[in-house]
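**Student:** Chains as they are written, first to last, in numbering that gives the first Met the number 0: chain S, 0 to 250; chain Z, 0 to 209.
Hints in this document: simulated from the structure, not taken from any laboratory.
Just so you know, nobody snuck in bad clues.
Heads up, simulated DSSO-like pairs for lysine-lysine below, C-alpha to C-alpha not over 27 Å straight-line:
no., chain 1, residue 1, chain 2, residue 2
1, Z, Lys77, Z, Lys106
2, Z, Lys62, Z, Lys106
3, S, Lys187, S, Lys158
4, S, Lys93, Z, Lys202
5, S, Lys93, Z, Lys62
6, Z, Lys21, S, Lys93
7, Z, Lys77, Z, Lys21
8, Z, Lys21, Z, Lys202
9, Z, Lys62, Z, Lys77
Sample of chain Z residues at the chain S side, in silico, Cβ under 10 Å:
no., residue
10, Gly51
11, Arg113
12, Pro121
13, Val122
14, Tyr170
15, Glu191
The C-beta atom is built at its ideal place from N, Cα and C for all residues, glycine as well.
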Amino acid sequence: MLAKRIIPCLDIRNGRVVKGVQFENLRDAGDPVELAAYYNQEGADELVFLDITASHERRQTTAELAARVAEQVFIPFTVGGGIRSIAEMRAILKAGADKISLNTPAVQNPELITQAAETFGSQCVVVAIDARSVDDRWEVYTHGGRQATGLDALEWAQKAARLGAGEILLTSMDRDGAQTGYDLALTKTITESVDIPVIASGGAGGPEHLCELFEQTHASAALIASIVHDGNYRIADLKQALKARQIETRG
Amino acid sequence: MKTPLPIAIIDYGMGNLRSAQKAFEHLGASARIVSQPSELAHAQALVLPGVGAFGAAMRSLRKSGLAEILVEAVQSGKPFLGICLGLQLLFETSDESSEETGLGLLKGKVIGFRSQPQFSLPVPHMGWNRLRFRPDCPLMRGLAPSDYVYFVHSYYPHVEDESLICAEADYGGWFPCAVHRENLFATQFHPEKSGETGLRLLKNWLDLIE
Numbered sequence: 000m001l002a003k004r005i006i007p008c009l010d011i012r013n014g015r016v017v018k019g020v021q022f023e024n025l026r027d028a029g030d031p032v033e034l035a036a037y038y039n040q041e042g043a044d045e046l047v048f049l050d051i052t053a054s055h056e057r058r059q060t061t062a063e064l065a066a067r068v069a070e071q072v073f074i075p076f077t078v079g080g081g082i083r084s085i086a087e088m089r090a091i092l093k094a095g096a097d098k099i100s101l102n103t104p105a106v107q108n109p110e111l112i113t114q115a116a117e118t119f120g121s122q123c124v125v126v127a128i129d130a131r132s133v134d135d136r137w138e139v140y141t142h143g144g145r146q147a148t149g150l151d152a153l154e155w156a157q158k159a160a161r162l163g164a165g166e167i168l169l170t171s172m173d174r175d176g177a178q179t180g181y182d183l184a185l186t187k188t189i190t191e192s193v194d195i196p197v198i199a200s201g202g203a204g205g206p207e208h209l210c211e212l213f214e215q216t217h218a219s220a221a222l223i224a225s226i227v228h229d230g231n232y233r234i235a236d237l238k239q240a241l242k243a244r245q246i247e248t249r250g
Numbered sequence: 000m001k002t003p004l005p006i007a008i009i010d011y012g013m014g015n016l017r018s019a020q021k022a023f024e025h026l027g028a029s030a031r032i033v034s035q036p037s038e039l040a041h042a043q044a045l046v047l048p049g050v051g052a053f054g055a056a057m058r059s060l061r062k063s064g065l066a067e068i069l070v071e072a073v074q075s076g077k078p079f080l081g082i083c084l085g086l087q088l089l090f091e092t093s094d095e096s097s098e099e100t101g102l103g104l105l106k107g108k109v110i111g112f113r114s115q116p117q118f119s120l121p122v123p124h125m126g127w128n129r130l131r132f133r134p135d136c137p138l139m140r141g142l143a144p145s146d147y148v149y150f151v152h153s154y155y156p157h158v159e160d161e162s163l164i165c166a167e168a169d170y171g172g173w174f175p176c177a178v179h180r181e182n183l184f185a186t187q188f189h190p191e192k193s194g195e196t197g198l199r200l201l202k203n204w205l206d207l208i209e
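Working from the sequences, and respecting the hints, build out all of it.
**Tutor:** Next comes the structure, spelled out in structure tokens:
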């Protein structure tokens, strides 16, 4: 059966890896291609590159990054961050990326999801949802978590799937950077309501958090950042822990 | 000494070709992305990659004249590797497209996971899965049953001649994911995205065509 995936996420600004805690307080952490090759060797199942370069500073850089990664890394990778046109998507996919992640532009123009799916196939289209708990539901935020939309995360996830998304990258803003575990209630709610794969993100602080994520929700994959970027754990440690709990992983 | 002709990776506007090219180059082979039917003759072997929709892919292959030349080349014995959509296009028809027929090099049809009640899991089938493969398949040489390969697809082939199936995968039910007939090989998974295991499989194919 399908293995649960572990996916390191690299935040990129101006071609360099940075790292966000609660979406702020960023610090430089190296060359994206080197880091990608390193995580590939470490046993990462996929990679996500989130380009947070302000859009007016960015031109070809995202596609160039994808091209450099594709030369050295033979596992799937997703590129996201500010991509808002079919032409940009085509350039990045042509450079060697496997999937495009859409966040704010998809909320602003949901039709973009359908256009992308019809042009490249649903499997290329990841819709990223940043959700924050509000009373007894979750609200969608855009612009790197700075802007509330009033949209209900569950409804938006279902709509995104209907419009042609092939996968959902679901980030809990409440947990992001906190290392206190994934938001299991949020992940459970979304994974039980859509029939496309969901990558859970935000909150991983140790192997136990990944185990409970996969035991208690239908998440297909776990996004990780700080726990491996900081060197506290290696991907092999995380996979070992999952295996010990009879959760299928690769390698 | 004559330099061997390159491998032609066929560009018909569907998806990620560069990864396949880079994977072959990583293994020391020369691989070119080609889009003109005339270029196929100057290739040692053909690779048909691709992700996307069956109908659009066949329209593009027919419009460019690649479909006809491709079928002739495979029938004349040129080594061929189809990947993902490049496997599905070999068959006669697909549930994904009512208008376009496939290349018809293999008998059978392509069906959707969603139309089959036993596959109740999320679609696309996306991620790393293991193979149940025939140990005598030259493409699988050196692979272990514990090795994983990467899949991204919503459709899979129903292969009429089951003896052509060289690997299957389990996604709530077993489905064929690699086929082999003489000079023709095809995989539903992406060897170019399957890490070391995938590179090994591509190396096996390169060894075969040398």
